[in-house]
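Chain order of the listed sequences is R and H. Note that my numbering has the first sequence beginning at 1, numbered continuously upward. Note that my numbering has the second sequence beginning at 1, numbered continuously upward.
These aren't lab readings, by the way, just hints derived from the structure by calculation. As the structure is a prediction and not an experimental result, all values here were calculated from the model. Please note that a few of the clues may not be correct.
[Stated by the list, open to error] List time: in silico DSBU-like cross-link candidates among lysine-lysine, alpha-carbon distance up to 30 Å:
id, chain 1, residue 1, chain 2, residue 2
1, H, LYS70, H, LYS83
2, R, LYS61, H, LYS9
3, H, LYS9, R, LYS49
4, R, LYS49, H, LYS57
5, H, LYS83, H, LYS9
6, H, LYS71, H, LYS57
7, H, LYS14, H, LYS83
8, R, LYS49, H, LYS14
[As the list claims (entries may be wrong)] Here are some chain H residues pointing at chain R (derived, C-beta under 10 Å):
id, residue
9, GLN6
10, TYR35
11, ILE60
12, GLU62
13, GLY63
14, GLU102
15, GLN104
The beta-carbon is built from N, C-alpha and C at its ideal position, and this holds for glycine as well.
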Amino acid sequence: AQSVTQPDIHITVSEGASLELRCNYSYGATPYLFWYVQSPGQGLQLLLKYFSGDTLVQGIKGFEAEFKRSQSSFNLRKPSVHWSDAAEYFCAVFSGGYNKLIFGAGTRLAVHP
Amino acid sequence: DGGITQSPKYLFRKEGQNVTLSCEQNLNHDAMYWYRQDPGQGLRLIYYSQIVNDFQKGDIAEGYSVSREKKESFPLTVTSAQKNPTAFYLCASSRGLAGVQETQYFGPGTRLLVL
């Protein structure tokens, strides 16, 4: 069955440090992958998406993600974290067979000054 | 300003009561979705609708009902049959359902609490 795993429930980084949030998926066909961000008590905002082509995709707020088929991964990165990046991050894969998005459980990011 | 609105922001339900959560979009999107979010569990799909007057059950439809009488509106009713309704409810929409490249856009959510 299709699934998305975000191995890290909580991550804490210092402001200005680099960030990598991990996402692994299980999907038989070519995956269509998304990263969303959610501030406390708010809806989800799309950061970036991968459908095809260049495996390194750029998103909003200085985020990027790299699709690695051999590792079934779609990790999110940012070279220098800002305090305003503190939020919860969700990775998702579109399941064509079920016509729906499958979400990971999320990674909560805390940023220390 | 195009977007998705959800109301109310907070909703309180008494035992045995049905409550309805509102979701409106002015993006001219055909597809709309309802998700439930519980801590540590990500988002789970309750119902979705591809066109007006049509909707399909998602993974956790029991205890919920929806209607889609207008393109821009997709209200969700949490019935008394839903024994554990306390959660954060998110509505989303996309241009279509069939196209895999149709990104879903989310509303700000409604938090439902049981009294």
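We went through each hint and held it up to the structure:
Simply put, LYS70(H) and LYS83(H) have alpha-carbon atoms about 29 Å apart, close enough for the 30 Å limit, and the pair holds. Restraint check for LYS61(R) and LYS9(H): the C-alpha separation of about 26 Å stays at or below 30 Å, so the hint holds. Restraint check: the Cα-Cα separation between LYS9(H) and LYS49(R) comes to about 28 Å, which is no more than 30 Å; the hinted pair holds. For a cut-off of 30 Å, the pair hint linking LYS49(R) to LYS57(H) stands: about 26 Å separates their Cα positions.
This hinted pair checks out: LYS83(H) and LYS9(H) have alpha carbons roughly 21 Å apart, not beyond 30 Å. Proposed proximity of LYS71(H) and LYS57(H) is supported: the alpha carbons are some 18 Å apart, at most 30 Å. For the hint linking LYS14(H) to LYS83(H), the alpha-carbon distance of about 11 Å falls within 30 Å, and the restraint holds. Under the criterion of a C-alpha separation no larger than 30 Å, the hint pairing LYS49(R) with LYS14(H) is inconsistent with the structure, at around 40 Å.
With a least beta-carbon distance of about 8 Å to chain R, the hint placing GLN6(H) at the interface is held under the 10 Å criterion. Among the interface hints, the one on TYR35(H) holds; its C-beta lies about 8 Å from the nearest C-beta in chain R, closer than the 10 Å criterion. Here the hint on ILE60(H) is broken, as its CB sits about 12 Å from the closest CB of chain R, past 10 Å. Violation of the interface hint for GLU62(H) is found here, the shortest Cβ-Cβ separation to chain R being roughly 17 Å, above the 10 Å cut-off.
Below 10 Å, beta-carbon pairs count as interface contacts, and GLY63(H) has none with chain R, the closest being about 19 Å; its hint is therefore violated. Interface hint status for GLU102(H): upheld, as the beta-carbon distance to the closest one in chain R is roughly 9 Å, under 10 Å. The interface hint given for GLN104(H) holds, since its Cβ lies 6 Å from the closest Cβ of chain R, which is under the 10 Å cut-off.
When the structure is compared with the earlier hints, violations turn up for hints 8, 11, 12 and 13 and for no others.
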